[in-house]
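Given the coordinates of chain B, assemble chains X and V onto it according to the supplied hints.
From first to last, the protein sequence lines are chains B, X and V.
Anchor point for the first sequence: position 257 equals 257 in the working numbering, and the numbering is continuous, going up by one each time.
Anchor point for the second sequence: position 185 equals 185 in the working numbering, and the numbering is continuous, going up by one each time.
Anchor point for the third sequence: position 220 equals 220 in the working numbering, and the numbering is continuous, going up by one each time.
Hint data in this document are derived by calculation from the structure and do not stem from the laboratory.
Think of the CB as a built atom: it goes at the ideal place given N, C-alpha and C, for glycine as much as any other residue.
Check before you lean on any hint, since a few could be wrong.
Unchecked claim - Take a look, some chain X residues computed to stay more than 12 angstroms from chain B by CB distance:
#: 1; residue: 18
#: 2; residue: 57
#: 3; residue: 140
#: 4; residue: 177
#: 5; residue: 187
#: 6; residue: 208
#: 7; residue: 227
#: 8; residue: 229
#: 9; residue: 241
#: 10; residue: 262
#: 11; residue: 274
#: 12; residue: 338
#: 13; residue: 347
#: 14; residue: 350
#: 15; residue: 388
Claimed, not checked - Each computed DSSO-like pair below joins lysine-lysine, with the alpha-carbon atoms no more than 30 angstroms apart:
#: 16; chain 1: X; residue 1: 203; chain 2: X; residue 2: 216
#: 17; chain 1: X; residue 1: 81; chain 2: X; residue 2: 26
#: 18; chain 1: B; residue 1: 244; chain 2: X; residue 2: 203
#: 19; chain 1: B; residue 1: 189; chain 2: V; residue 2: 3
Unchecked claim - Derived Cβ-Cβ restraints for the label pairs, each shown as a range:
#: 20; chain 1: V; residue 1: 46; chain 2: B; residue 2: 202; range: 48 to 54 angstroms
#: 21; chain 1: B; residue 1: 28; chain 2: V; residue 2: 42; range: 48 to 54 angstroms
#: 22; chain 1: B; residue 1: 50; chain 2: X; residue 2: 171; range: 41 to 47 angstroms
#: 23; chain 1: B; residue 1: 28; chain 2: V; residue 2: 62; range: 35 to 41 angstroms
#: 24; chain 1: B; residue 1: 21; chain 2: X; residue 2: 338; range: 53 to 59 angstroms
#: 25; chain 1: V; residue 1: 56; chain 2: X; residue 2: 338; range: 34 to 40 angstroms
#: 26; chain 1: X; residue 1: 56; chain 2: B; residue 2: 52; range: 49 to 55 angstroms
#: 27; chain 1: V; residue 1: 11; chain 2: B; residue 2: 50; range: 42 to 48 angstroms
#: 28; chain 1: B; residue 1: 89; chain 2: V; residue 2: 36; range: 34 to 40 angstroms
#: 29; chain 1: V; residue 1: 62; chain 2: X; residue 2: 56; range: 20 to 26 angstroms
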Amino acid sequence: MNKNAIPIGLFLMFSVLPLAAGLLYALCYSLGWVGTLNTGFTLTYWSATLRDGDLWSSLGLSAFIALCSTALSVGLGLVLVLGCKDVLQRRIPNYLLYTPLAMPPIIFSFWVFQLMGSSGLLARWLIKTGWVRSIDTFPALINDRAHIGVMVALVLSTFPVFTLLFLNYYQSENIVGYSQLAHTLGATKRQTQTSIILPLLLRKAKPTILLYAIFLFGVFEVPLLLGRQSPRMISMLIHANFNKFNLMDLPRAYVITVIYAVIILSIVWMLFRKK
Amino acid sequence: MMACNNATITSTQDPSQLNWKDIEQKAAGTTVQMTMWQGDPLINRYMQDYVVPELKQRYQINLQLNTGQGNALVKMMMAEKESQQHTSATDLCWINGETFFQLRQIDALYGPFTQQLPNSQYIDFDNPFIGIDFQQKVDGFECPWGNVQECIIFDSVRTPAPPRNLQALEAYVQAHPGKWTIPYEFTGMTLLKAWLIALSGDKNALNGDFDEEKYKAASSQLWAYINRIKPYFWRKGETFPENLATMHQMFANGELDFTLSNNDAEVDNKILQNIFPGTTKAYVFETGTIQNSHYLGIPKLSGNKIGAMVVTNFMISPEAQYRKYMPSVWGDGTVLDIQKLPQDWQLKFNNLPERQHAPKRKDIQPYALREPAPEYMVRLFEDFRKYVIDQR
Amino acid sequence: MKKIVVFLLILVFLSPFAYFIVASVAVNYRFPLLWPEGWTMDNWQQIFRTNNGLFDSVFTSLLISVVTAAVSTSAGFVISKTLAYHTKRSLFNILAYLPYSFSPVIYAYCLYFFFNKSQLSGHIVGVLLAQFILTFPFSIILFLNHWNTELKAVEELTYTLGGSVTQAWRRVIIPMSKSILLLCFFQTFLISWFEYGLTSVIGLGKVHTLTIKVYQYIGESNLGFAALASCLLVFPPLILLWFNRHFMLANNNQYA
Numbered sequence: 001m002n003k004n005a006i007p008i009g010l011f012l013m014f015s016v017l018p019l020a021a022g023l024l025y026a027l028c029y030s031l032g033w034v035g036t037l038n039t040g041f042t043l044t045y046w047s048a049t050l051r052d053g054d055l056w057s058s059l060g061l062s063a064f065i066a067l068c069s070t071a072l073s074v075g076l077g078l079v080l081v082l083g084c085k086d087v088l089q090r091r092i093p094n095y096l097l098y099t100p101l102a103m104p105p106i107i108f109s110f111w112v113f114q115l116m117g118s119s120g121l122l123a124r125w126l127i128k129t130g131w132v133r134s135i136d137t138f139p140a141l142i143n144d145r146a147h148i149g150v151m152v153a154l155v156l157s158t159f160p161v162f163t164l165l166f167l168n169y170y171q172s173e174n175i176v177g178y179s180q181l182a183h184t185l186g187a188t189k190r191q192t193q194t195s196i197i198l199p200l201l202l203r204k205a206k207p208t209i210l211l212y213a214i215f216l217f218g219v220f221e222v223p224l225l226l227g228r229q230s231p232r233m234i235s236m237l238i239h240a241n242f243n244k245f246n247l248m249d250l251p252r253a254y255v256i257t258v259i260y261a262v263i264i265l266s267i268v269w270m271l272f273r274k275k
Numbered sequence: 001m002m003a004c005n006n007a008t009i010t011s012t013q014d015p016s017q018l019n020w021k022d023i024e025q026k027a028a029g030t031t032v033q034m035t036m037w038q039g040d041p042l043i044n045r046y047m048q049d050y051v052v053p054e055l056k057q058r059y060q061i062n063l064q065l066n067t068g069q070g071n072a073l074v075k076m077m078m079a080e081k082e083s084q085q086h087t088s089a090t091d092l093c094w095i096n097g098e099t100f101f102q103l104r105q106i107d108a109l110y111g112p113f114t115q116q117l118p119n120s121q122y123i124d125f126d127n128p129f130i131g132i133d134f135q136q137k138v139d140g141f142e143c144p145w146g147n148v149q150e151c152i153i154f155d156s157v158r159t160p161a162p163p164r165n166l167q168a169l170e171a172y173v174q175a176h177p178g179k180w181t182i183p184y185e186f187t188g189m190t191l192l193k194a195w196l197i198a199l200s201g202d203k204n205a206l207n208g209d210f211d212e213e214k215y216k217a218a219s220s221q222l223w224a225y226i227n228r229i230k231p232y233f234w235r236k237g238e239t240f241p242e243n244l245a246t247m248h249q250m251f252a253n254g255e256l257d258f259t260l261s262n263n264d265a266e267v268d269n270k271i272l273q274n275i276f277p278g279t280t281k282a283y284v285f286e287t288g289t290i291q292n293s294h295y296l297g298i299p300k301l302s303g304n305k306i307g308a309m310v311v312t313n314f315m316i317s318p319e320a321q322y323r324k325y326m327p328s329v330w331g332d333g334t335v336l337d338i339q340k341l342p343q344d345w346q347l348k349f350n351n352l353p354e355r356q357h358a359p360k361r362k363d364i365q366p367y368a369l370r371e372p373a374p375e376y377m378v379r380l381f382e383d384f385r386k387y388v389i390d391q392r
Numbered sequence: 001m002k003k004i005v006v007f008l009l010i011l012v013f014l015s016p017f018a019y020f021i022v023a024s025v026a027v028n029y030r031f032p033l034l035w036p037e038g039w040t041m042d043n044w045q046q047i048f049r050t051n052n053g054l055f056d057s058v059f060t061s062l063l064i065s066v067v068t069a070a071v072s073t074s075a076g077f078v079i080s081k082t083l084a085y086h087t088k089r090s091l092f093n094i095l096a097y098l099p100y101s102f103s104p105v106i107y108a109y110c111l112y113f114f115f116n117k118s119q120l121s122g123h124i125v126g127v128l129l130a131q132f133i134l135t136f137p138f139s140i141i142l143f144l145n146h147w148n149t150e151l152k153a154v155e156e157l158t159y160t161l162g163g164s165v166t167q168a169w170r171r172v173i174i175p176m177s178k179s180i181l182l183l184c185f186f187q188t189f190l191i192s193w194f195e196y197g198l199t200s201v202i203g204l205g206k207v208h209t210l211t212i213k214v215y216q217y218i219g220e221s222n223l224g225f226a227a228l229a230s231c232l233l234v235f236p237p238l239i240l241l242w243f244n245r246h247f248m249l250a251n252n253n254q255y256a
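One chain only, chain B, in its complex shape:
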């Protein structure tokens, strides 16, 4: 036997097989092939789900939130690195940038809930200072229409990652060297930033940025606490459909799961195929 067979087999068994088996089961369930309440092959669940506005608004919302939060985080990271790289490399500020890595998303949600909720710290402070008259006039910042709470939690948790990433690239990509070169060749500070540093950082970080957008697309804990009932992010829609009273909704949950999988897996496939 080939000596590679065992490690490759183990790899496939624990990383590819579970996903493949899970998705195959989801597909079969959605087509009526498995499950106690199913009676045989049918496309009704698929056609009903695809015609349902819920699915499309969830996909749209998840894409919107993922893109906005990623863009804001990357933007904030770039501004910080370009604006105050030296400060961020000092011991204490640098440590501070790392602290969000010690907080899981559920804690970020809890924190944003306590901070921005209608009886949260922000509301208390604004009422105390007289900026807001009462709890009724404080605007809805969580479970809100624009999903501000969700995005704040996501940006708070991701922008430090990008900031640290850009700081690391600054050194590993010898950006200081290139900048000095550009400067000696007569480029202004602004020119150096926009046409040398920025493209270099973004090109290097591109796969990570895309990967984060994909993670955020499927995020669960944050909308669980801070999201809204309608429309919902895709993970919440799937979660709700798996837990509904009507047992006939299970196949529907699997339909949405398969659709999510097709989207995510094809993006990842295209993203990393070239590498």
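Okay, now just chains X and V, sitting in the frame of chain B:
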């Protein structure tokens, strides 16, 4: 590990063939997994700090409390059936009518077992609010555990004259926009059931099996009513709390003028915990509110039915029921018929410290409505989303 | 300017930790009070009352995370070596990215049937396996970039000089990979330590990790305990961070 082995040994025994002494003996040293709603700190404390240690001390039973309720329970047991498991992940669960109905539908409950429990002799099975769960006879497949009636909670200083019917509520929300909402969870849906009955015009209108025609007629009026006054709801009715504790918090903070509770005595325990102001009171609509019981059920696939039975028997003992009844502990109404109890327990129950802020049971009893068939609950859950939440 | 940046960083990043500590020892932290009425150690003392379950959940979390991290790091290290030197290396890389980028909670719903079938759901072993399925692809991705031609050359040199396979691993490969092994261990530990969605689905609410406890207390609106459980969840990684922050950064799916 020991407990695990023990549980598998006992699972092979059919408890219905054993006498109670044997059951207690065999249950000793086993572990019972209980699945329950864990949304209230006082209830959790009653279970953790009283039931768990008492069972350990008296019966050497190790009771483990786990989170899970309603649809999640049904889904779990259905998955267990689909994967043809031999033992369920849970041995005992706290269930309400709609869950009972669904679990019976997929034949996931063990029974009849209640008549074997010595303490079941005290239970008031003839009371339709106890012996019948969502129009379905319990038939020994679940054991009554507590009995409560839904109440609306308000602050008597802030709201001296709370609305007592749907018309008055409409006028109230128009005058006080943003101060009322309906939680999208079972307490809120239970309120909607009472409204559905009110809109049907007769207290007994929805008794009997589920009737699509009746549901359609009443629910279309209900959705029209809610959508009409929705703009005056909290957050303009664009979102609804999904969690009762959050709603209590919003009431306490003055963000809402009302909150709800399925438990008529909850006001007292929340005031004692310093969560609600001392001027808080509870009341019911003049068209009535739902009174129902909550139950304990044993899954058919439980690996430790014997242990679960001993636990259940303890939970319906006068002692455990009495303690649960105290407003400072939980304030959960008892399912025991006080008249049937031994003299000393009768005395104790009758001398229980009066409810301070909650309405007296005898005052709200005339307004008690029976739970309609479970399909109404299932449909309300779905249609509230479809016709109210999604109507943006 | 720089002082403002530092001030803002402190405000943004330290305030949640400060808040959790304050809220966990607060008495009557009612709206609209900006500062609690008094202080108490009651919540903290209650950890040590075993029937409260919080103490146990620290151990459950610790056990699950240490085992998950140890197994996925060691398995990922050994297995990835074969994959890295294989002609199909880039294919393996993509294959590892597929499950890794999948939303853990949705993944859990896909796997739910199989865990039930094998009677693993609701058990700590099931949660361990599920979390391993989550962290293993990550460790493969991390190590695939580690195995390079330089390392290969040194390893081969060992054999040329008469070293055995065992010696090559013990004396050369592992020492040269020490820092990435530690990095992988800490990263997978954190993924597991922070996991909520998958654990709640596969654990059926029966495996009480710290994140499950935090969520339960949030659901009860039990601020004191939610804050206390949050402290227990975030302070260990925070302390770790103080000693070595380099173990903390890798592109892990922190939304796991």
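Hints versus structure:
{"no.": "1", "hint": "18", "result": "holds, 32 angstroms"}
{"no.": "2", "hint": "57", "result": "holds, 36 angstroms"}
{"no.": "3", "hint": "140", "result": "holds, 25 angstroms"}
{"no.": "4", "hint": "177", "result": "violated, 9 angstroms"}
{"no.": "5", "hint": "187", "result": "holds, 15 angstroms"}
{"no.": "6", "hint": "208", "result": "holds, 21 angstroms"}
{"no.": "7", "hint": "227", "result": "holds, 14 angstroms"}
{"no.": "8", "hint": "229", "result": "holds, 18 angstroms"}
{"no.": "9", "hint": "241", "result": "violated, 9 angstroms"}
{"no.": "10", "hint": "262", "result": "holds, 17 angstroms"}
{"no.": "11", "hint": "274", "result": "holds, 16 angstroms"}
{"no.": "12", "hint": "338", "result": "holds, 35 angstroms"}
{"no.": "13", "hint": "347", "result": "holds, 43 angstroms"}
{"no.": "14", "hint": "350", "result": "holds, 40 angstroms"}
{"no.": "15", "hint": "388", "result": "violated, 10 angstroms"}
{"no.": "16", "hint": "X:203 <-> X:216", "result": "holds, 17 angstroms"}
{"no.": "17", "hint": "X:81 <-> X:26", "result": "holds, 27 angstroms"}
{"no.": "18", "hint": "B:244 <-> X:203", "result": "holds, 29 angstroms"}
{"no.": "19", "hint": "B:189 <-> V:3", "result": "holds, 23 angstroms"}
{"no.": "20", "hint": "V:46 <-> B:202: 48 to 54 angstroms", "result": "holds, 50 angstroms"}
{"no.": "21", "hint": "B:28 <-> V:42: 48 to 54 angstroms", "result": "holds, 52 angstroms"}
{"no.": "22", "hint": "B:50 <-> X:171: 41 to 47 angstroms", "result": "holds, 44 angstroms"}
{"no.": "23", "hint": "B:28 <-> V:62: 35 to 41 angstroms", "result": "holds, 38 angstroms"}
{"no.": "24", "hint": "B:21 <-> X:338: 53 to 59 angstroms", "result": "holds, 57 angstroms"}
{"no.": "25", "hint": "V:56 <-> X:338: 34 to 40 angstroms", "result": "holds, 39 angstroms"}
{"no.": "26", "hint": "X:56 <-> B:52: 49 to 55 angstroms", "result": "holds, 50 angstroms"}
{"no.": "27", "hint": "V:11 <-> B:50: 42 to 48 angstroms", "result": "holds, 47 angstroms"}
{"no.": "28", "hint": "B:89 <-> V:36: 34 to 40 angstroms", "result": "holds, 37 angstroms"}
{"no.": "29", "hint": "V:62 <-> X:56: 20 to 26 angstroms", "result": "holds, 25 angstroms"}
Checked against the numbered hints given earlier, this structure breaks hints 4, 9 and 15; the rest are met.
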